[in-house]
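Chemist: For the protein sequence lines, the chains are A and B, in the order given. Residue numbering for the first sequence follows this note's numbering, starting at 1 and increasing by one per position. Residue numbering for the second sequence follows this note's numbering, starting at 338 and increasing by one per position.
Do not take every clue at face value.
In silico lysine-lysine, DSS-like type, Cα no more than 27 Å apart, as pairs [as the list claims (entries may be wrong)]:
id, chain 1, residue 1, chain 2, residue 2
1, B, K635, A, K298
2, A, K251, A, K288
3, A, K278, B, K380
4, A, K287, A, K298
5, B, K370, B, K588
6, A, K298, B, K625
7, A, K287, A, K33
8, A, K33, A, K43
9, B, K625, B, K370
10, B, K539, A, K202
11, B, K588, B, K380
12, A, K298, A, K278
13, A, K202, B, K615
14, B, K539, B, K588
15, B, K438, B, K588
No wet-lab data here; the hints were simulated from the structure.
There are 2 protein chains.
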Amino acid sequence: MFENIAVVGATGAVGTIIRELLVQRAFPHQRIKFLASPRSAGKTLTFHGREIAIEALRPEAFDDVDLAIASTPDEVAAQFVPWALQRGCIVVDESGHWRMKPHVPLVVPEVNAEALRSHEGIIASPNCSTTQMVLAMKPLHDEGRIRRVVVSTYQSASGAGVAGQRDLELGTRAALDGQPYQYTAFAHPLAFGVIPQIGSPKHEGYTSEEMKMVVETQKIFNDPSLQICPTCVRVAVDNCHCESILVETEKRITVERARELFAATPGIQVIDDVAAGKYPLPRDCDKKDDVFIGRIRKDLSSPHGLTFWCVSDNLRKGAATNAVQIAERLVEIQAAV
Amino acid sequence: MFENIAVVGATGAVGTIIRELLVQRAFPHQRIKFLASPRSAGKTLTFHGREIAIEALRPEAFDDVDLAIASTPDEVAAQFVPWALQRGCIVVDESGHWRMKPHVPLVVPEVNAEALRSHEGIIASPNCSTTQMVLAMKPLHDEGRIRRVVVSTYQSASGAGVAGQRDLELGTRAALDGQPYQYTAFAHPLAFGVIPQIGSPKHEGYTSEEMKMVVETQKIFNDPSLQICPTCVRVAVDNCHCESILVETEKRITVERARELFAATPGIQVIDDVAAGKYPLPRDCDKKDDVFIGRIRKDLSSPHGLTFWCVSDNLRKGAATNAVQIAERLVEIQAAV
């Protein structure tokens, strides 16, 4: 058990869910502290019925912390993680800053928990769009070795934070009223729209969000030969990311076998009956911790392909839930030592 | 020139645009009649500043018609087309009923105008999601022979007609007000949602909309070996379909060459500068007749692949514009005889 734990970015959208999950899942600890930007310091948050004062994120805040679960902007993570590590605090970090550093394990516990066995104090949780995809890939990869992925995403406003959700709601109200609205989180109007760009230009016309899906997936499966072609698109959905995924495997997997494999994987739920109009919808996956899969079909364009529809709450399994699950595994490993 | 022309389904969303296009494009004719269901008969529509009475769709309505441009439900098309053909009237039909009949040319003029040279009185216009894709495929196919397509769509509410657009608006207003709303055109709420089913189950888990993209594309390119894996998804957009398309060609085509080929193709416009935030958005393609392409990239998952983003007004090039363009080609062919 880690006696003293901290939630870094405790007031944010993901931090709020992390706090809820720590209560719901009875995460073992003696003391907890909530760290956030100085403007939140002094305010209180309720935890297990107690009021806890928020502390400012600064080096000394980690003096007596054993484990921190963090969701902050990249530049904040770049700064605070060394403070924590220097003080012997282990960090589970949800930001993008540390994920691709060679010495940092990038972990989805159902996929590569073994990567947790050796770390240097920091463990990264992947980007939301990557996490649900690698969990969906895992049973197929184990069975037939995935060689190639083509994925198009339908990503929700909450991926751009609370500001994104606010933009979608206020932008939609304005559009319905024929009024102008100044978006803060998106470069184009999201109301009644789709935006085929998430993140900034990164590599040969691909965006940073798209390249995360490539390099993070290769790192998680420890296989740089895994070939992935992503297209990341923002849609007018409040929360939960959807992905249209096609995989090609070395060994052919039938639809029936894929359905069995998905259903047998912890963290995956199958909803797949198109004749009955049943498949994962964002609204049905909201506030759920699992990854939901449906529309499982044989690829009509290659002999060893499968295609399916994958939905998950990007704030939960895509962020908060995965980070807390990593922390739970660290507790288990510590207990087993 | 066809002296006497008719618009069948003249009051519908597509029929309305067909009427506008006939005026804008100065479609040659002497007399025009507007046919619709009996409940519209007797009402009038303005055309070239004149009021024209709508006539009920019945066999005798075609007695003096040389060319009909039609957009009706499939079951209406199944019934009225034989009435027209028996009376020597040529029909350009936008419905799904006749498209796959072996003797019926299925035409996108920029792609396979040659199929118009022999017909038996009826020519079909493809499904909206097919039309924009085959036009985008055409220059790449000519250059490097496409062997495979993987496509995920982001289809607008107007693809489900005026009822779909009404559902999106009223459903969104209700959702913002926390009120219930009974959708008429969709099986699930579309407001702030995505629905990964368009049409009914058709073939091995694929929907009718998805299979249209397969079989219509194969027919248009006259190549049943063309392999296509589609996923058709409805999004909360009023009008214009978007498609994330990946093609694999026999001969490799560079991104630069693809951009040149697209730009040189009549009916295609390239908007492709992700660094400047420029790519086709549904709102920018609304009421335009062209197919818009951006996000052109080398496929990261295969040596001979290209991927891009394709947007078009599904009521125009996806329906009305293509039908009128077919009719214009028929006029040219007739003049050349």
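Chemist: With reference to the structure, classify each hint as holding or not holding.
Modeler: Verification of the hints:
Distance hint between B/K635 and A/K298 is fulfilled; the C-alpha atoms sit about 25 Å from each other, no more than 27 Å. With a CA separation close to 32 Å, the supplied pair A/K251 and A/K288 exceeds the 27 Å bound. Among the hinted pairs, A/K278 with B/K380 is inconsistent with the structure: their alpha-carbon atoms are about 42 Å apart, more than 27 Å. For the hint linking A/K287 to A/K298, the alpha-carbon distance of about 30 Å lies beyond 27 Å, and the restraint is violated.
For the hint pairing B/K370 with B/K588, the CA-to-CA distance comes to about 49 Å; that exceeds 27 Å, so the pair is violated. Of the supplied pair hints, the one linking A/K298 and B/K625 is violated, its CA atoms being roughly 36 Å apart against a limit of 27 Å. Taking the CA atoms of A/K287 and A/K33, the gap is about 24 Å. The hint holds against a cut of 27 Å. In summary, the hint linking A/K33 to A/K43 is supported, as the alpha carbons are separated by about 12 Å, within the 27 Å threshold.
Using a Cα cut-off of 27 Å, the hinted pair B/K625 and B/K370 holds, with the two alpha carbons roughly 26 Å apart. Taken as a hint, the B/K539 and A/K202 pair is broken in the structure, with Cα atoms around 40 Å apart against an allowance of 27 Å. Annotation: proposed proximity of B/K588 to B/K380 is violated, straight-line Cα distance about 56 Å (limit 27 Å). The hinted pair formed by A/K298 and A/K278 meets the criterion: a straight-line CA distance of about 18 Å does not exceed 27 Å.
Taken as a hint, the A/K202 and B/K615 pair is honoured in the structure, with Cα atoms around 15 Å apart against an allowance of 27 Å. As the CA atoms of B/K539 and B/K588 are separated by approximately 33 Å, the hinted pair breaks the 27 Å bound. This hinted pair does not check out: B/K438 and B/K588 have alpha carbons roughly 32 Å apart, beyond 27 Å.
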